[in-house]
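> All chains, please: the whole structure from these sequences, using the hints.
Going line by line, the protein sequences match chains A and B.
Residue 62 in our numbering sits at position 62 of the first sequence, with consecutive numbering throughout.
So the number in our numbering is just where the residue sits in the second sequence, counting from 1, plus 1000.
I should point out that these hints are in silico values taken from the structure, not numbers from a laboratory.
We treat Cβ as the ideally placed atom computed from N, Cα and C, and that holds for glycine.
Incorrect hints may have been included.
[Claimed, not checked] Here are the simulated distance ranges between beta carbons:
# : chain 1 : residue 1 : chain 2 : residue 2 : range
1 : B       : L1040     : A       : A128      : 37 to 45 Å
2 : A       : E6        : B       : D1280     : 41 to 49 Å
3 : B       : L1187     : A       : K76       : 21 to 29 Å
4 : B       : E1147     : A       : N89       : 33 to 41 Å
5 : A       : E6        : B       : R1426     : 14 to 22 Å
6 : B       : D1430     : A       : E42       : 25 to 33 Å
[Claimed, not checked] Only part of the chain B face toward chain A is listed, based on derived beta-carbon distances under 8 Å:
#  : residue
7  : Y1075
8  : R1196
9  : Y1248
10 : S1415
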Amino acid sequence: MKKYEEIFHTADVGIRVYGRTKKTLFKNAAEGMFDLIAEKKEIMPKKTIKFNLKAPDIKELFVYWLRELLYQYSAKAMIFKKIIITSLNDTNIKAEAVGEKIDFKRHVLKKDIKAVTYHGLEIEKSRAGWQTQVIFDV
Amino acid sequence: MSEVWQGDLKKIDDYRWRIPKSYKQGMRVDGIIYTDKALLEDICHDKAAEQVANVAFLPGIVKYSLAMPDIHWGYGFCIGGVAATDIAAGGVISPGGVGYDINCGVRLMRTDLFENDLKPVLEKLVWGLFNNIPAGVGSKGDIKINEKQEEELLVEGAGWVVKHGYGTKDDLEHTEELGAIKGADPLAVSERAYERGKKQSGTLGSGNHFLEVQVIDQIYDKEAADIFGLGLGQVTVMIHSGSRGLGYQICDDYVKNMGACLSKYNINVPDRQLACAPVDSEEGKAYIGAMRCAANYAWANRQCLMHLVRLVFEKIFSKSWHKLGMNLIYDVAHNIAKIEKHDVDGIEKLLCVHRKGATRALGPGHPDLPARYKKIGQPVIIPGDMGRNSYLLLGTDKAKETFFSTCHGSGRVMSRSEAIRRSKGRSISDELAKKGIVVKATSRDSLAEEMSDAYKDVNDVVGVVVGAGISKRVCRMRPLGVIKG
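Okay, here's the thing in C-alpha cells:
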C-alpha cells in the first residue's frame, strides 16, 4: 500500500497520506513530511524524542503531531528516520521519533518545510483504511 | 491536477470581476478580483477565488473581500488578498489574512552605478554577495544577541539594527512604519518563536526569498524617477525577505489558539485557516502584539541584509557606499495587518486592514509618507521572477477603493514539484546566463522551483493594477545578478 504521494499546490507542497489504520496514517504522515525535508539514507538513529500530545479532536491532533515534529526540525535541527506510534486515539498520541541533529556535511536537505497547515485537511475512511491530505508551507 | 473553479464571477469592467455575496450563504459582502481576461483563466485553475468568497464571511468586513491580480491560493486568505474589518463593529483579525511569513516584504536601494560599471565585475560581485549574505536552509545570521536585546529588537525593529551600526536614520525614514510598528508586545511571543528567530536574524531565507542586482531599462514617469534619483541604465538592488522562523511560529501559534475563538465568539467561517478573533478581544490584541514583533524583526532583517550588501559593494568598487549613492528608496511589507483610518462611505472609520501578498499603496499627500514623497505618493516595489522584470510603482488616489492596496509580485502558476519536473535536463542558471543574468543559488532545486515558467508575467500583473488606476508605473528593472536562498 502506498504510504503517501505528493499532490499539486501552486506555491507550497502537499501530500496525500494513506494508512490501513489511524496509527499507520499518523506514522506515514510524519515519515512523509521528513521524506520531503531530507534524504533518509544518511540519517543515523542517534537520538529518540518522545511525544505525548493531547488535542480536542483527531484533526487538531494530527496537525499538532506534525507541528511538534516540525518544531524539532526547525528549532532543534533534528531530522528523523523512523517513527513509532505507541498509542493513538482521537485525542491523544504517544509516539517516538528516532534520528539525529542535521549535519550539513552528511545530510542532503531537500525542502525547508516551515509550517503545517489545516488547508484541505480531512481524515477520512478509504477502501483500504484511512487517508488525508496535508499541505505544508515552504 | 487542480480542479477548475466553477463559482459565480461577473465582469464589472476590464479590470474588475465580482463574486456576488449570493454565491455562498454566509458571505457578508461581495468579492472583487482585480484581473483581466487573460489572467482570469489561470485564476480559475486553483481555489483562490473560493478563498475570496470565504474571506467575505469575516465578521465586521467592510465593503468587499478583495484580491489583486497576482492572486493564487494560500491558507485561509488567498495570496493577493485584501480585507478590512471595522473594529468598532466587532471586526476581526485573522492570522490567515497576514500569512505565515509576517512582513515578508521587499526593499529597493538605488546606486550611482550604471550597467557598464558592473559588467567587468558582475561575476565577482554576485559571488561576493553570495558568500557574504547568509541565505538558504539552515543559514545562520550575523546578529548575535542575548534575550534582552532580542526583545529590544522586536520592539525597535530596523531602528535597533541602525542603532548598532547597520545603517542610517535616512534608511528608517524611507521604510514603511519607519522600520518599526508601534505596539509590539514581546510578551505575546512564545518561547518557540524566540527559539526559531534567534539564529536567523540577518539571513535571507529560502523559498522565494532573493537578493537581486538590477538595471533600470524603462522610465515611465520622469518627474517621479528624478525625485528617486533614478535614470535609465542605473543599477538598483532589491531585497525580498521576511520574518523567518519567528514569523512562522507566531502565525502557527495563533492559528492554533484562535481555533477556540470561533466558538467563544460565535464566529462562522468555512475554513479553519480563517480562525480569527475580534480585534478588541484579548486574543486579538495578543496576536496583534506578536505580529508586530515579527513585522519589526523582518524590518530589522532587511535593514541588516541591505547593510551587508553595501559592504560588499564597498569592497568590489573600493568606494564608500555613501559615495556610491546606495540610498534606500523604500521598503514595503506585503504580508501584514494594520490598524488604519479609512473613509468608508463618507465616515472615517478605524479599520483592521489585512494585506496578504498585497502592498500598501498610499496616494499623494498622505500624512504617512516621507516628506520627499508627499507630492508623488508611496513607492510600491514589485519584484517579478528572476528571469523577468521588476517594477517601481506609485500609489494613487484611486487606490482608496482597495484601502490603498495593490499587488505584490507576479504570483505563481505552477507548483514547486512541477517546476522541478519541467527543469529536468535544463540548466536554469545557463538559461539565465544567456540573458546576461548571473545567478547563484544554494541548491539546484531552489533555483528550479523559482524559474520564470512557474510565475505569471509581472508585466501582465502590473498592467492590471495600472489599468484599474490603483497604481502607476515609475520605472521598470531587469535583473543582472540574483542570489537565491
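> Each hint should be assessed against the structure and marked as holding or not.
Hints versus structure:
Between L1040 of chain B and A128 of chain A the beta carbon distance is about 39 Å. The supplied range of 37 to 45 Å therefore holds. A hinted range of 41 to 49 Å holds for the C-beta pair E6 of chain A and D1280 of chain B, which are about 42 Å apart. In this structure the hint that L1187 of chain B and K76 of chain A lie 21 to 29 Å apart at CB holds, the actual value being about 24 Å. Roughly 39 Å separates the CB atoms of E1147 of chain B and N89 of chain A, a value that falls within the hinted 33 to 41 Å.
About 20 Å separates the C-beta atoms of E6 of chain A and R1426 of chain B, a value consistent with the hinted range of 14 to 22 Å. At about 29 Å, the CB distance of D1430 of chain B to E42 of chain A agrees with the hint of 25 to 33 Å. With its C-beta approaching chain A no nearer than about 5 Å, Y1075 of chain B sits inside the 8 Å limit, and its interface hint holds. Annotation: interface hint on R1196 of chain B holds; nearest CB of chain A at approximately 5 Å, less than 8 Å.
At a threshold of 8 Å, the smallest CB-CB gap from Y1248 of chain B to chain A is about 5 Å, leaving the interface hint in force. Interface restraint check: S1415 of chain B against chain A, minimum CB-CB distance 5 Å, threshold 8 Å, status holds.
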